[in-house]
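*Asks:* Listed here are the chains, written in short residue letters.
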Amino acid sequence: MKKVRMALLVTLVLMVFAFPAPGAEERTLNLSTLAPLTTIDPHATSNIQDIIFHRQIFEPLFFQNEATGKYEPRVAESYSISDDNLTYTFNIRKGIKFHNGEALKADDVVFSLNRALKSSKVRSYLASVAEVKALDDYTVTIRLGQPNAAFLNSQNMIMILSRKEVEEQGDEFGTKLTLAGTGPFYLTSLQHDVEWTCAAFADYYRGAAAIKKLHYVPITEASAGLIAFESGELDWYIAPIANWDALTNNPKYRTELVTANHISYVAVNYEHPPLNDDNIRLAIAYAIDKDAMNIACYDGNAVNADFMAPPENTGAPTKGVVYNYDPEKAREYVKKSAFPNGTKIGIINCSAGGYFEKMAQVLQSNLADIGLICDINRLDSATNLEMARNQKYDLLCTGLSPYGDYESLRMYSYTKMKGAYMVKYEGEKFDYKTMDDLWDAGIATTDLGERETIYSRLSDWIAGTATLLPIFHKVQPYAWTPNLVVPVNYPNYPQVYEWSWAKK
Amino acid sequence: MHRFIFKRLLMMIPIVIGVSFLIFVIIDMIPGDPGSNLLGAGARQEDIDMLNEELGYNRPLLQRYGKYMYDALFRFDLGKSYATKKPVVTEISNRLPISLTVAFNAILFSLVFGVPLGVLSAVKQNTLFDRIPTGLALLLAAQPAFLIGLLLMLIFSLRLGWFPANGIASWKSYVMPMIALGLPYGGRQLRFTRSSMLETIRQDYVRTAKAKGATARLVIWKHAMKNALLPVITVAGNSFGILIGGAIATETLFGLPGLGSFIVAGIKQKDVPVVTGGIIVFAVVFSFVILAVDLSYAFVDPRIRAKYSGRRG
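Here the protein sequences come in this chain order: U and P. Residue 425 in our numbering is what sits at position 425 of the first sequence, and the numbering runs on without skipping anything. Residue 193 in our numbering is what sits at position 193 of the second sequence, and the numbering runs on without skipping anything.
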């Protein structure tokens with residue numbers, strides 16, 4: 001009897017140690033997005049809040065690490081480029097499974113890329129692609145119509161989907177639960193505007209994620225998000241900058257400021273007099289106090305910008321024409337202009353409600369200091385965008401997010417991309433063909449040094465017009481609870497796969 | 001009574017047609033197009049044009065409106081959201097119960113809070129029992145629900161941890177929105193009840209009831225109250241209707257996916273099916289609420305009941 005009791009006791013002890021304490025590994029990570037999920041079809045959105053989530057469940061062929069700028073293999077394990085720089089051959093990783101358990105093959109890659117090519121939301125990333133072909137089950141070639149040194153960067157935005165899942169769901173794909181991804185997490189429930197949950201994918205080819213369950217809620221109001229974080233409803237949060245000091249000084253939280261892949265800038269419409277006067281535009285460029293704008297918008301935590309892209313972007317220039325705050329020089333340019341005693345220069349447009357309003361207020365004050373008078377027009381973001389696209393503004397405070405390569409800024413000035421740019425360079429005022437040629441030359445070569453030289457010239461050309469004036473790179477104020485281990489906080493897109501719970 | 005209800009239901013058809021046409025025209029006049037809003041800054045014109053074509057937005061306004069109304073009236077199809085591609089009917093059917101729950105509870109809370117204090121305030125006019133509630137009513141009516149909501153969150157979510165700050169996970173999620181919306185409306189109800197009650201208790205029939213020896217409680221609750229309630233019901237009904245689609249700030253603050261925030265998001269993106277569908281549903285629900293308010297008069301006031309009965313006879 002004693003032996004039986006002892007055996008039972010030993011079995012019980014073994015069971016206790018063999019199984020983890022309930023909830024230890026199964027704890028759910030609570031996260032938020034700044035907007036409801038519009039779709040889970042990664043080819044049907046260009047919304048950054050959607051993309052942040054999609055990157056946890058879908059993967060591209062190659063992934064560009066935002067922190068290092070390096071390309072890491074994902075669905076493809078390697079690639080080669082033909083001598084004429086026109087054909088990319090991707091070797092698809094063997095053994096990758098979709099969340100539905102089926103093996104990923106070249107046919108799924110071809111299907112995904114061709115599907116993306118037909119989508120108005122993402123096809124611009126693949127603008128140079130002429131043909132996608134599967135050579136066998138694990139080899140795909142992509143032929144470009146013209147050389148594109150930024151091709152790897154732009155395919156980083158195209159996620160590979162299961163052909164079977166997408167075709168089975170048809171028009172409903174994106175609106176309901178799907179297992180079409182290969183990423184480290186798969187969807188387990190979905191209410192686009194309320195909450196959605198994920199679980200770690202056990203068959204993920206890089207090994208299952210350390211965190212097993214994710215729960216997302218959309219929180220659009222900053223104060224509500226902060227209260228949700230402080231009351232323990234969220235484990236990781238992009239905090240409002242106004243509360244940064246309070247969070248940083250609170251030992252209950254871990255915090256980190258990370259420079260975003262974003263540029264806040266002032267656009268000047270040179271077609272509207274008196275902004276057609278070169279001296280007035282140069283006066284504006286020297287009158288802008290970037291420090292004051294940084295303090296007004298980000299409590300001084302943003303990084304003042306000399307160029308239109310953060311230096312981490314491939315090919316981004318690090319030296320060249322820069323305008324720094326110099327009110328005396330600005331006044332000299334006003335005196336040299338056709339309006340030596342100052343003048344009214346129109347209206348500053350900005351989106352209402354965000355920090356661009358504060359940028360506009362500082363700009364208005366800076367310009368008043370040198371005798372240039374203007375008003376501010378606060379607009380809803382859709383109207384502001386429409387007016388900017390049609391050059392219906394005098395001055396514009398706005399921002400943009402490049403996506404890892406200087407080439408992604410092309411759309412903001414290249415004259416052949418009608419509708420995308422805020423400043424229309426085509427016309428008699430500037431030698432815009434030189435600018436267009438520089439953009440074309442920048443992607444025609446894969447030599448990084450050569451690209452940097454070309455983009456430096458391009459940056460100087462644009463700066464010389466004093467029409468796109470970089471102000472600062474904003475920061476992401478990340479805050480999280482100490483029981484969460486976050487090895488790297490990325491500029492725009494968190495990689496939850498790398499996170500884990502702290503060991504007690 | 002039935003004829004009255006039937007006529008009111010028939011009136012909803014021109015209301016729906018008028019409202020939907022107005023929305024189509026107004027949205028069309030807003031600068032921009034859904035393609036450029038959905039694709040954002042930096043999108044190529046060819047992609048914007050392609051998306052607008054896919055969405056059918058490039059067709060003339062009247063053609064779009066005609067197709068929309070045909071589908072809405074004969075297929076009960078309010079189209080698909082430009083942004084989410086989900087059927088608007090599904091989106092609304094998910095959101096309407098949430099808006100109705102919040103609005104109903106908020107109005108109920110405002111009545112429970114405002115009516116008794118309003119009666120007390122009128123009966124004890126010019127005493128502390130009057131001044132304190134009317135002062136409180138003024139203070140509450142002047143506070144935006146958003147501010148009250150934030151304060152509630154700080155106390156009940158952050159400090160006490162009683163209620164969740166966000167979402168619709170359980171009944172607990174609805175408590176703070178109900179109070180945040182109900183308190184300002186409660187303040188208004190208190191003032192309406194007080195002024196209506198003051199007017200009623202000065203009427204001859206109330207004086208007569210008192211002269212006949214009826215107790216003060218009987219005079220107030222049986223004779224005065226019923227008549228004083230008519231304007232209170234009107235205000236409560238209108239407020240309920242407005243809250244169904246108008247509690248946008250509160251929905252945003254508490255992360256409630258209701259009808260109001262749905263319509264506002266649609267306006268921002270020029271999502272015509274969302275805005276039109278949302279406002280049509282809002283107009284229909286509002287019309288039903290007003291009809292219910294009108295019908296409730298008959299139950300409260302015998303004179304109105306008699307009028308309906310007379311029609312029937």
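Please keep in mind that the hints were generated in silico from the structure rather than gathered at the bench. Fair warning: there could be bad hints in the mix.
Calculated cross-link-like contacts (lysine to aspartate or glutamate; reagent style EDC-like; alpha-carbon spacing at most 16 Å) [to be verified]:
1) K268(P) - D380(U)
2) K118(U) - D77(P)
3) K105(U) - D136(U)
4) K418(U) - E54(P)
5) K85(P) - E172(U)
6) K118(U) - D301(P)
7) K85(P) - D171(U)
8) K418(U) - D380(U)
9) K268(P) - E386(U)
10) K86(P) - E77(U)
11) K118(U) - D28(P)
12) K416(U) - E46(P)
13) K118(U) - E46(P)
14) K86(P) - D203(U)
15) K418(U) - E46(P)
16) K97(U) - E77(U)
Over 12 Å on every C-beta distance to chain U, these chain P residues come out as not near it, computed from the model [unchecked claim]:
17) M50
18) F163
19) K226
20) E251
21) F254
22) L256
23) I267
24) A306
Glycine included, C-beta positions come from ideal geometry on N, C-alpha and C.
*Asks:* None of the hints should be skipped; say for each whether it holds.
*Replies:* Comparing the hints with the structure gives:
no., hint, verdict
1, K268(P) - D380(U), "holds, 8 Å"
2, K118(U) - D77(P), "violated, 27 Å"
3, K105(U) - D136(U), "holds, 9 Å"
4, K418(U) - E54(P), "violated, 20 Å"
5, K85(P) - E172(U), "holds, 8 Å"
6, K118(U) - D301(P), "violated, 65 Å"
7, K85(P) - D171(U), "holds, 9 Å"
8, K418(U) - D380(U), "violated, 23 Å"
9, K268(P) - E386(U), "holds, 12 Å"
10, K86(P) - E77(U), "violated, 36 Å"
11, K118(U) - D28(P), "violated, 27 Å"
12, K416(U) - E46(P), "holds, 11 Å"
13, K118(U) - E46(P), "holds, 12 Å"
14, K86(P) - D203(U), "violated, 31 Å"
15, K418(U) - E46(P), "holds, 8 Å"
16, K97(U) - E77(U), "holds, 14 Å"
17, M50, "violated, 4 Å"
18, F163, "violated, 9 Å"
19, K226, "holds, 42 Å"
20, E251, "violated, 10 Å"
21, F254, "violated, 7 Å"
22, L256, "violated, 9 Å"
23, I267, "violated, 9 Å"
24, A306, "holds, 49 Å"
Checked against the numbered hints above, the structure violates hints 2, 4, 6, 8, 10, 11, 14, 17, 18, 20, 21, 22, 23; every other hint is satisfied.
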